[in-house]
Amino acid sequence: MSAVAKKANFETRLTAIREADTNLKLASSNAYKNGQISASDDETGSNWDNFDRFFKFYNISPE
Amino acid sequence: MADTEHALTQRVGPVKLLILQGTPFCNIDCAYCYLPHRNQRGRMSVETVNAVIDNLLSSDMLRGPLLVNWHAGEPLVLPASYYAERMPLFDRVVAAGIPVTHSLQTNAMLVSEEHCDLFLRYDVKVGVSIDGPAHIHDRKRQTRNGQGTHAAAMAGIARMQNRGVSFNAICVLSDLSVRHPDEVYSFFKDLGVRAVGFNIEEIEGVNKTSSITTDGFDDRFLGFLERVWQRAEADHHVMRIRELDDAEGRLLDKHPRRNSQTEPFINLSVAYDGDFSTFCPELLGNSSETHADFVFGNVHTTPLRDTLRHPNFVAIKSEIDAGVEACRDTCAYFAVCAGGNPSNKLAENGAFDSTETLNCHNRVKLTADFMMDKLEARADSKRRAAAVE
Chain A
1 MSAVAKKANF ETRLTAIREA DTNLKLASSN AYKNGQISAS DDETGSNWDN
51 FDRFFKFYNI SPE
Chain B
64 MADTEHALTQ RVGPVKLLIL QGTPFCNIDC AYCYLPHRNQ RGRMSVETVN
114 AVIDNLLSSD MLRGPLLVNW HAGEPLVLPA SYYAERMPLF DRVVAAGIPV
164 THSLQTNAML VSEEHCDLFL RYDVKVGVSI DGPAHIHDRK RQTRNGQGTH
214 AAAMAGIARM QNRGVSFNAI CVLSDLSVRH PDEVYSFFKD LGVRAVGFNI
264 EEIEGVNKTS SITTDGFDDR FLGFLERVWQ RAEADHHVMR IRELDDAEGR
314 LLDKHPRRNS QTEPFINLSV AYDGDFSTFC PELLGNSSET HADFVFGNVH
364 TTPLRDTLRH PNFVAIKSEI DAGVEACRDT CAYFAVCAGG NPSNKLAENG
414 AFDSTETLNC HNRVKLTADF MMDKLEARAD SKRRAAAVE
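Protein chains in written order, with this note's numbering: chain A, 1 to 63; chain B, 64 to 452.
These are calculated hints, taken from the structure and not from any lab test.
Think of the CB as a built atom: it goes at the ideal place given N, C-alpha and C, for glycine as much as any other residue.
Any given hint could turn out to be false.
Said to hold, decoys possible - One side of the interface only, derived from the structure: several residues of chain A facing chain B at Cβ under 7 Å:
1. Val4
2. Lys7
3. Phe10
4. Arg13
5. Ala20
6. Asp21
7. Leu24
8. Leu26
9. Ala27
10. Ser28
Could you put the whole structure together from the sequences, leaning on the hints where they help?
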């Protein structure tokens, strides 16, 4: 598969799984269920990647 | 408007992660460590901590919760009294309306009763670096004399557990550990941690090799993920696996992704002597063939915003931006990654303005593909169940 086709295929699957999640609630992770991911964490309406969950440091608060 | 003037009017930050290098010294000598100065015994002074705080408060870069992480050396080389003198200095930040959480990442070997008192008093979020059972851990995490460190780490963990100090764990995955998924999973489950993060061994900083470049690692890593996933499903995800949570979140979250390692002043790293850097925390103290260092100033003398016109900063930001654009143009996974890790790009590819790294391949691509398959299967299962009802 070419790089262009692979990109298109992944993006198609990504769109589909996000649409499915809207009704089916697919997440297993507590963070997602608790809204820590589904809510934007930033003044710009974005969610930051590579922050404390993703990087070397993994400090999460007790639930 | 001149470029430098434009740069100075840009809104940057907010700083979310402040890494303070209490000391660069580490009591052990892990085979995969990226830190270059772990024999040096300097300490960050009270004056330097106050200079960090002054600098942040006088900038416009504190606009939300701040996580302070004491790291980039073994933090518990320093006694509890060291932190008891410095953590309250952040009351000024709290008084300015900014919530502050202290955290540290430790090998747990030097945990004392006084450290436990400190953790409980200041609600310090503790992360323990331990690579699973002794026969795996001791292969890479050794003293300078080549002795394993597992027993001492477990003694420190027991001390924290006896005092009711909760902690999460980070486990570096090597080509050895991915061959033992059940042992690794069971180790952390038995340890009682709420969450474990798997850092895949990287080529980064002064660490120039990795065991994961061996033939067949991809299959072994995917096999590891599959088995860990099965165990986590059977345990109803009581113990959280960062890589699985994270991949799931990246795939399902509809908000735009931003990458704190490719944009300035989301992460701020300050060395023990006040030198500071941004983007990837691993850059502080390191160098490359093309860059003498990644220090953009010193908190005692350089207002953070002045960094925006620092020639070194401008050049590095331009290279990092070019690398992000190259990822955007070429990578299928850009929507769930947002540009990769610049320090990995530099270490592996020799340039920030490059694209795929081992970290991308394993942590982003393979993990996203793995979790996409799981989510699609879960969606199918839920649709079938709904159809039956």
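Close enough to count: is the Cβ of Ser28(A) nearer than 7 Å to one in chain B?
-> Interface hint status for Ser28(A): holds (5 Å vs cutoff 7 Å).
Closest C-beta approach of Ala27(A) to chain B relative to 7 Å, hint status | Interface hint status for Ala27(A): holds (6 Å vs cutoff 7 Å).
For the hint on Arg13(A), does the least C-beta distance to chain B fall short of 7 Å?
-> Holds, about 6 Å.
Closer than 7 Å between Cβ atoms is the bar; does Leu24(A) clear it against chain B? Give me holds or violated.
-> Since chain B brings a Cβ to about 5 Å from Leu24(A), closer than 7 Å, the hint holds.
Minimum Cβ distance from Leu26(A) to chain B below 7 Å?
-> holds (5 Å)
Using Cβ atoms only, decide whether Ala20(A) comes closer than 7 Å to chain B, and label the hint accordingly.
-> This hint holds: Ala20(A) lies near chain B, its Cβ roughly 4 Å from the closest one there, short of 7 Å.
Regarding the hint that Val4(A) lies at the interface with chain B, is the smallest CB-CB distance below 7 Å?
-> violated (9 Å)
Against chain B, is Lys7(A) within 7 Å by beta-carbon distance?
-> It holds, given that the least Cβ distance between Lys7(A) and chain B is near 4 Å, below 7 Å.
Hinted contact Asp21(A) with chain B - closest CB pair below 7 Å | Interface hint status for Asp21(A): holds (5 Å vs cutoff 7 Å).
Against chain B, is Phe10(A) within 7 Å by beta-carbon distance?
-> holds (4 Å)
Violation of the numbered hints given earlier is confined to hint 1; every other hint is satisfied by the structure.
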